[in-house]
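Asker: Sequence:
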Amino acid sequence: MNESVKNTLVQALLVTVIAINLMLAGVLAVRSQVQTGGVTPAMARPGSAALQPETRLEYQGTTEEKNWRVEHYRKVEVFRDEKGREVKTRPTDEEIHIRYWRK
Numbered sequence: 608m609n610e611s612v613k614n615t616l617v618q619a620l621l622v623t624v625i626a627i628n629l630m631l632a633g634v635l636a637v638r639s640q641v642q643t644g645g646v647t648p649a650m651a652r653p654g655s656a657a658l659q660p661e662t663r664l665e666y667q668g669t670t671e672e673k674n675w676r677v678e679h680y681r682k683v684e685v686f687r688d689e690k691g692r693e694v695k696t697r698p699t700d701e702e703i704h705i706r707y708w709r710k
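Our numbering puts the first residue of the sequence shown at 608, with every later residue one more than the last.
These aren't lab readings, by the way, just hints derived from the structure by calculation. It is possible that part of the hints are untrue.
Unchecked claim - In silico lysine to aspartate or glutamate, EDC-like type, Cα no more than 20 angstroms apart, as pairs:
id: 1; residue 1: Lys710; residue 2: Glu689
id: 2; residue 1: Lys710; residue 2: Glu678
id: 3; residue 1: Lys682; residue 2: Glu661
id: 4; residue 1: Lys682; residue 2: Glu701
When you get a sec, could you build the whole thing from the sequences and use the hints?
Answerer: Listed below in structure tokens is the structure:
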């Protein structure tokens, strides 16, 4: 092997080893100074889950307009507890109208 190629590879290896050691030293220095949050086991149950709203469409009725049948729906927010039971429903201002052609 050529002597200059050998010196280049040794220098590259040396620089890589020094860089890795500096990174490890930095990680160890920061680890002792930074406080991590509380550790939660993987099988832990959530504390008190906040009510998360989900939306659904509620049927409001049907109207007939000329050759069209129009179904009216209102979007409703549904809040459930941690066991999946409905706790509260709140209608929104959003309405959806679906038109069907009558023959």
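Asker: Work down the list of hints and note, for each, if the structure agrees.
Answerer: Hints and how they fare:
| no. | hint | result |
| --- | --- | --- |
| 1 | Lys710 to Glu689 | violated, 48 angstroms |
| 2 | Lys710 to Glu678 | holds, 16 angstroms |
| 3 | Lys682 to Glu661 | holds, 10 angstroms |
| 4 | Lys682 to Glu701 | holds, 6 angstroms |
Taken one by one, the earlier hints fail for this structure only at number 1.
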